[in-house]
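Work out the full structure, taking the sequences as your base and the hints as a guide.
Respectively, the protein sequence lines represent chains A and B.
Per our numbering, residue 256 is the first one in the first sequence, and the count goes up by one each step.
Per our numbering, residue 9 is the first one in the second sequence, and the count goes up by one each step.
None of these hints come from the bench; they were simulated from the model.
The structure presented is a predicted model; accordingly, all values stated were derived computationally and were not measured.
We treat Cβ as the ideally placed atom computed from N, Cα and C, and that holds for glycine.
Fair warning: there could be bad hints in the mix.
Only part of the chain A face toward chain B is listed, based on derived beta-carbon distances under 8 Å [what the hints assert, rightly or not]:
| no. | residue |
| --- | --- |
| 1 | Ala303 |
| 2 | Ala324 |
| 3 | Ala329 |
| 4 | Met332 |
| 5 | Gln339 |
| 6 | Phe362 |
| 7 | Arg390 |
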Amino acid sequence: MTTSPTLRLDGVTNGSLSCVSLAIAPGEIHCLSGPSGSGKSRLLRAVADLEPHGGEVWLGNISQAALPAHVWRARVMLVPAESQWWADSVGEHMPQAAPADLEALGFTSEVLAWQVSRLSSGEKQRLALLRAISRQPMALLLDEPTANLDEASSRRVEAWLLSRIRKHGWPVLWVAHDPAQIQRVAERHWRIEGSELVEAASWT
Amino acid sequence: MDVIALTWWQLALAALMVVALAGCTAALRLGMGRSLLVAAARSVVQLALVGLVLEALFAAERLMWVALMALGMLLIAGREVMARQKRRLIGGWAFGIGTVAMFLSSFTVTVLTLTVIIGPEPWYLPQYAIPLLGMMLGNTMTGVALALDRLTDTAWRQRAVIESRLMLGQHWQEAVSDIRREAMRSGLMPMINAMAAAGVVSLPGMMTGQILAGSPPALAVKYQILVMFTITLGTGFGTLAAVAAGSRRLFDGRERLRLDRLAAPRH
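Dropping the structure here:
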């Protein structure tokens, strides 16, 4: 597996945040925290190019503007806090899901035949992560990936995500609230204060 | 066979019965009497006026006047398409897309039908051109309005789903494909239903009129089939163009869903 390139934000401005610059090396996880409404999700949306924004984002030496938008989003993949499903069965959303990944998240291949309507919110969240990763991105933007999960499955998802991230060397921007989780997963931790990102000490 | 002429006092008898109906609903306090009378009066005035216009148009038989009349009909239809949408595209796009789509489909099909199929002399003979165009525009307008309304309203409701599909790296056309299909369906359904029910459940108005006017039923049926096919063509291509242009306008150059391009619904 080739290592992914660095994800670099260069003066990104969106909503209340202005001139956010940071660089996430391959395989590194940067956590992002801040009060609700401070612009965490909107920053991720800007990086995925889902909203008009200022500044530029680079993946390695390729800029956001240099690629067609859908190619960029397939490489820099955003997994939102609330997952959405459009087809009836789970499998229609992720034709390339690997059995090993299903198992690691506590599912069997049978889940692919399940109706989306009978999934719990926790199951939806785990499957949404799986769906994103099965599309083989080169960088991940995770918006509270364990928000709807209990402690045990939250730890399980975390461990699975970490192993995938280490294996593929994805740069990751991860929105999180739980200080303990941030301490477990993050190489660096940024807090939103007003219109800027401030690096928080790793134990806060 | 000649048509039995209708005089104004015979129409007055029919009008009297409408007034009686309005009186009955008023007596029962159903609150429909007033709007019934207003609508009836409007239809008398509008039809009388259009009768005068058509008389003049038929007498003149000039291409310019026919074209002017067609343009007027098109603009009114465009306005109607815009007014029937709950969340329309702002900045003149709702009117523009609807009008251009109707122009491309209705006008092309009408001109083709006149020149290639029916072949009156001259091809723009108002007795053929105006009623044909009127039927085309009326139906195409309904199809385009229904399809655009469905497109914008569904995109608004399902914005989270569309954006979720974009986040997974889907092309905008793929992300909006289900909604486009829905919009196409609502635009074409009335015409498909009309064709399926024709002759069995309903006797189409144009055929009925022709038979009343003394045409042999076999000829009236042929004209009705021709008109239904041309209307389906006009509605189909018009809806196709409107849905293609409308869904493109929902996204910007970076394939972002831009619901800020839709107006808030008026109450």
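Okay, the hints, checked on the actual structure:
The restraint placing A/Ala303 at the interface with chain B holds, with a minimum CB-CB distance near 6 Å, inside the 8 Å limit. With a cut of 8 Å, the hint placing A/Ala324 at the interface with chain B holds, because the nearest CB-to-CB distance is about 4 Å. A distance limit of 8 Å between C-beta atoms decides the matter here; for A/Ala329 the minimum to chain B is near 3 Å, and the interface restraint holds. For A/Met332, the interface hint holds, the least distance from its beta-carbon to any beta-carbon of chain B being 7 Å, beneath 8 Å.
For A/Gln339, the suggested interface contact is upheld, since its CB lies about 4 Å from the closest CB of chain B, less than 8 Å. Because the beta carbon of A/Phe362 sits about 19 Å from the nearest beta carbon in chain B, more than 8 Å, this interface hint is broken. Nearest Cβ of chain B to the Cβ of A/Arg390: about 6 Å, under the 8 Å cut. The hint holds.
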